[in-house]
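Novice: Given the coordinates of chain A, work out where chain B should sit on it, guided by the hints.
There are 2 protein chains.
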Amino acid sequence: MSAATASSFSDRLGDTRPGSSRPVGHPLAAYLRDLHERHAACSEGAPASYIPELTKADPNWFGVALATIDGEVYEAGDTERLFTIQSISKPFVYALALQDNGRDRVLAKIGVEPTGEAFNSISLYTDTGRPYNPMINAGAIASTGLVAGADAEERMARILALFSACAGRELTIDEDVYRSEKATGFRNFAIGYMLRNFGILASDPEPVLDVYFRQCSILVSGRDLAVMAATLANAGVCPVTGRVAIARQHVPQILAVMATCGMYDYAGEWIYRVGMPSKSGVGGGIIGVLPGQMGVSAFSPPLDARGNSVRGIRVFNDLSEDFRLHLFHATPAGRSVVRLRYDASSVASKRIRRLAEQRALAEHGKRIAVFELQGELTLFTIERVIRDVLALPEFITHLIVDFRRVFSADAPALGLWTTFLESVRHRYREVILTELASLPGLEAWFDETITASPSLSLQSLPSTDTALEVCEDQVLAQWCPDEPGRARVALEDFEICEGLAPARIEVLRDVLKRRRYRAGETILRRGEEATSLFFLTEGEASVLVDLPAGGVRRLTTCTPGMLFGEMAIVERRPRSATVRADSAVECCVLALDDFDRLTATHPDIKVKLLENFARNLSARVRRLTEEVRVLGE
Amino acid sequence: MSAATASSFSDRLGDTRPGSSRPVGHPLAAYLRDLHERHAACSEGAPASYIPELTKADPNWFGVALATIDGEVYEAGDTERLFTIQSISKPFVYALALQDNGRDRVLAKIGVEPTGEAFNSISLYTDTGRPYNPMINAGAIASTGLVAGADAEERMARILALFSACAGRELTIDEDVYRSEKATGFRNFAIGYMLRNFGILASDPEPVLDVYFRQCSILVSGRDLAVMAATLANAGVCPVTGRVAIARQHVPQILAVMATCGMYDYAGEWIYRVGMPSKSGVGGGIIGVLPGQMGVSAFSPPLDARGNSVRGIRVFNDLSEDFRLHLFHATPAGRSVVRLRYDASSVASKRIRRLAEQRALAEHGKRIAVFELQGELTLFTIERVIRDVLALPEFITHLIVDFRRVFSADAPALGLWTTFLESVRHRYREVILTELASLPGLEAWFDETITASPSLSLQSLPSTDTALEVCEDQVLAQWCPDEPGRARVALEDFEICEGLAPARIEVLRDVLKRRRYRAGETILRRGEEATSLFFLTEGEASVLVDLPAGGVRRLTTCTPGMLFGEMAIVERRPRSATVRADSAVECCVLALDDFDRLTATHPDIKVKLLENFARNLSARVRRLTEEVRVLGE
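Those protein sequence lines, which keep their order, are chains A and B. In terms of numbering that gives the first Met the number 0, the first sequence opens at residue 0 and continues consecutively. In terms of numbering that gives the first Met the number 0, the second sequence opens at residue 0 and continues consecutively.
Simulated from the structure, these hints should not be mistaken for laboratory data. Just to be clear, a hint being listed does not mean it is correct.
Same chains, same label: a pair holds when it works inside one copy or across any pair of copies.
What the hints assert, rightly or not - With a straight-line Cα cutoff of 25 angstroms, these simulated SDA-like cross-link-like pairs (lysine to any residue) come out: (1) K349 to R621; (2) K55 to I604; (3) K181 to R80; (4) K55 to T530; (5) K365 to D545; (6) K349 to A29; (7) K349 to R619; (8) K55 to R358; (9) K365 to V544; (10) K365 to A518; (11) K349 to L490; (12) K365 to G526; (13) K349 to E268; (14) K365 to P573; (15) K349 to R403; (16) K349 to E570.
If we strip away everything but chain A, and leave its shape as in the complex, we get (with noise of 0.2 angstroms):
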């Protein structure tokens, strides 16, 4: 099977993610074709032989898949072929047993212990009869034992549904293998009857073992148990289709059985050798799974003495090897937690600023730490942050966390996050968390929690950008309070008025024209040819572009004494934003022809323009840049 196959088997899905139909040239496909031609010619081991269905299997069937959990899946090899499932339907009954019972009720009748035993043994406690573990035949059982349903119909039923859930797709049964296993499958007829003895079955075993022999001859394809596989992985969501197939909660406790019994009495050797959690079948499939990554199968149908297939250890234990991806080799995860750390003194809101607010945050803009946090939020990563935290030097006044680049918070993380917030909230005069909206939950999370707690009084705010602007007008109304009132600019006070004599500042009041708009009127346009610059003296006017999926994304905000449309008058291009009043405005607005008619009537207050205008441009490339060598830091 090529690369191109997994590409037209996500199509069929209907998968439209980005990337998600590329694998073509990828050299992870080429790779699992070597690694299919490395083994193909292994002849050891021979095909189940309990039953006369499975040897009509050809020894030469060998397939290898691999599929991520974001739904992508390489292939090489028979990995269409349809087999029957065996034992690797244990561990998928066992976590119907455990949704439909709980974890206790479940403990109370099958053990997690591994018994070194092989796996048709019937290992059953002395004292209990309860089985050892659920991936022996006996535990097996006992776990279809427990799913609920009227009858075994239902109880069919529902094993088929979840199995099809997690491989993505409609599976169906081969009802020629069922036949042959019931017909002679003595052996866990006995166990059945074992297990009704004491009392693990609470019924009629014969309906149970039914059920029992139809499970383990679901049919699947070798892309259909990596899907599978891969679901373990993503924590019980299947990736192809996005929806839950087991409940996550369980996720570990399966895996945990699978890790320590699910390769019968080579368990051991395979967790120390290939470090993933495993299940393996007589049908010739094997399972493998790396959670939080991916899920990958081998299928060929020839045996080890262990009734392992032959060739798919051999696949499992070269690419363990070859990828380094036993579990526990270490990995760093967290170390990058905190994305980002700056201070307002380095990157602002998009608020523009006069030059003399600008140079007092400068100066005081230390005063307001930003945290950017990205990835996961554990106990392991959340103690660095917190870490962090309390590492900050104390003249720190306000503190913002942004939220935007986490994609997974677990609930006790969160919990040592408030307890954290909770302790150290009186140190700082404003503490805002931004970006909630990012991740499904922490909205709910913070109106629950910490919206909740007495003690804490926190603001969450959607953006960064917004919670700096807060911040900042509260150190400037402290470090910079001689600033003249927001209410009302007159012309003489505006920078780019500086230098200019008053007999000066008359003679541009006359070349300016008074303009008054209504709150939500738009007072340029952007694709407009510009024509005027604008002198806001009262009111408040945002700048605004258009975003691409619709609505619109406000660029900045001017307050009176600023300037606006004065970058495209210099640069002679047409409006690349609008702007909009959001309040009652008044402008005096200089035509362009006024503007270029003063060279040659007034070139000396041309110039004092001109100069303070590029005075203040300047001061913006060199603030910007300081920002981009912060956030490429």
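Specialist: For chain B alone, coordinates are given in the frame of chain A:
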């Protein structure tokens, strides 16, 4: 033990990393104190009684400690009290056996299968006499027999050295316990002779047993054990000393036997519930390892029937449950491996370009794709990077991949990446890897693998800025070829002179003073008063800033046709950077006084210069704003 002690402990070991001595007020310290309090009243179990020395233990002794892989230690209770390590010695001696003999020779003598049996069972394979695993006494004694050394003294010294390296301090032996163990260890003598009988021990068992009794009598505190566990979590490097204590390649296998066999006949349930590779000892200690994250220890002498500390089991159950520490909780670790993806139309090199070049790059810069990677490179993460590169549009001609934030890269992932680059190299005009010096070993990999590959012609450049500049130059050569050459630029060709009639150019030329500089000569210096601006007519000059750690960093390089020193002029502030001639340089210098005088003498010239300058600054503000937007995404 309070968190303050953790801090002084770190200090004592000379750990001066930032934040490392500031856990005061950390909620994790408070959590551990609560956890300790929660279980302090438990009265179940009894201290080990098989030797008189152990019965002297106070049942109230109880400590909990947690050490992160970056060396932070959190503690509660009796974490400084010394006790004997007992069976927790087993994984560490097994580590030494692996280092001394290699995996295959050790596997030939000691199996790795769990038995489901008690700690002192004599579980040997009936055919070979090989102990089932190294965590039961038989396997542990066999491990001790595999430790290299001329005699028992040397073996013991090597064991003590390895344990001390793991704990980050010099450990000692409790001679009383050792003598007591030796005087009553009849069952272990029996095991030793049985192992000698099968040839698993190659020589007289008594010296081996003597070492075994000593290794079990090594004195450790709860804090020592947490650090030893963290050493295993940290791939063998002791987190408080930063030194290698155990060879990295053996750590996954040590953790594997702890996972399947570490808790005797409770191992299956332990990994099911707690989900950490662990080991317990009859002294009352338990360690747990979360690979890549932290090590945990609990210590309290009262044991349950299986020989595990009662309070210890409760502590681990709670800790795992409270913080979801089960190692099979899926962690989608690699989703953010591509930190940023942009092209040179939005983020450009720091080389200042003329307006025509800026416009050409705004249009054609999208042909240069930049990927910034972060975190660890493994099969799982590199698979995604490759998929993203494969999904690039076909018009991309230049590919830059930045490794600055990659903090680990395994050889298999780099191998797959190399294979991939070989297969796609022909699609691109240029492929450049940058910042390889950020991670030890990457440069060597490049030299040995990439440079050696006949089909690969890749560059490695120190910074993405330089790589962008190289790619931009190639793109500009193709898409902006009509620009004047850079050898020498006449005054009338400067952007700032655009629109000035020839006669006015001559006026300006008379005002300017021509100056020459030798390569390496400083043209202006940071901090100087700004008294002139420079028109660079010939040669190249770099704008430099001093770095806090010494040395200088290039901010940008100016080429003929550009100005420098202009921002200090318009802002009337001291020079913010130093400018040095890279080659022989010729400038036309406009003194500030002359510039000021132009207002009166030639206002039209001054207005034109200021307008052109404002236009240039405005374009830079626009470009930097876009760059901030992309970097902040």
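Novice: When Cα atoms must be at most 25 angstroms apart, do K349 and R403 count as within-copy, between-copy, both, or neither?
Specialist: Answer is within: at 18 angstroms inside a copy they meet the 25 angstroms cutoff, but 28 angstroms across does not.
Novice: When Cα atoms must be at most 25 angstroms apart, do K365 and A518 count as within-copy, between-copy, both, or neither?
Specialist: neither (35 angstroms within a copy, 39 angstroms between copies)
Novice: Please sort K349 with E268 into within, between, both or neither, judging by C-alpha distance up to 25 angstroms.
Specialist: neither (59 angstroms within a copy, 55 angstroms between copies)
Novice: Using 25 angstroms as the alpha carbon limit, work out where K365 and P573 are close: within a copy, between copies, both or neither.
Specialist: between (37 angstroms within a copy, 23 angstroms between copies)
Novice: For K365 and D545, with the copy left unspecified, which applies at a CA distance of at most 25 angstroms: within, between, both, or neither?
Specialist: The answer is between: 21 angstroms across copies meets 25 angstroms, while 33 angstroms in one copy does not.
Novice: Tell me, please, which holds for K55 and T530 at an alpha-carbon limit of 25 angstroms: within, between, both or neither?
Specialist: neither (84 angstroms within a copy, 93 angstroms between copies)
Novice: First find the shortest C-alpha distance between K181 and R80 inside one copy, then the shortest across copies, and answer within, between, both or neither for a cut-off of 25 angstroms.
Specialist: within (24 angstroms within a copy, 62 angstroms between copies)
Novice: 25 angstroms Cα cut-off: does K349 pair with L490 within a copy, between copies, both or neither?
Specialist: Cα proximity of K349 and L490: one copy only (24 angstroms, versus 38 angstroms across).
Novice: How do K349 and E570 come out at 25 angstroms by Cα distance, when the copy is not named: within, between, both, or neither?
Specialist: For K349 and E570, the Cα distance is within 25 angstroms both inside one copy (21 angstroms) and across copies (22 angstroms).
Novice: I want to check one pair: K55 and R358. Are their C-alpha atoms no more than 25 angstroms apart within a copy, between two copies, both, or neither?
Specialist: Neither way: K55 and R358 sit 83 angstroms apart in one copy and 70 angstroms across, limit 25 angstroms.
Novice: My question is about K349 and R621: at a cut-off of 25 angstroms on alpha-carbon distance, are they close within one copy, between copies, both, or neither?
Specialist: Answer is both: 15 angstroms inside a copy and 13 angstroms across each meet the 25 angstroms cutoff.
Novice: At 25 angstroms max between alpha carbons, let me know whether K349 reaches R619 within a copy, between copies, both or neither.
Specialist: both (11 angstroms within a copy, 16 angstroms between copies)
Taken one by one, the earlier hints fail for this structure at numbers 2, 4, 6, 8, 10 and 13, listed in ascending order.
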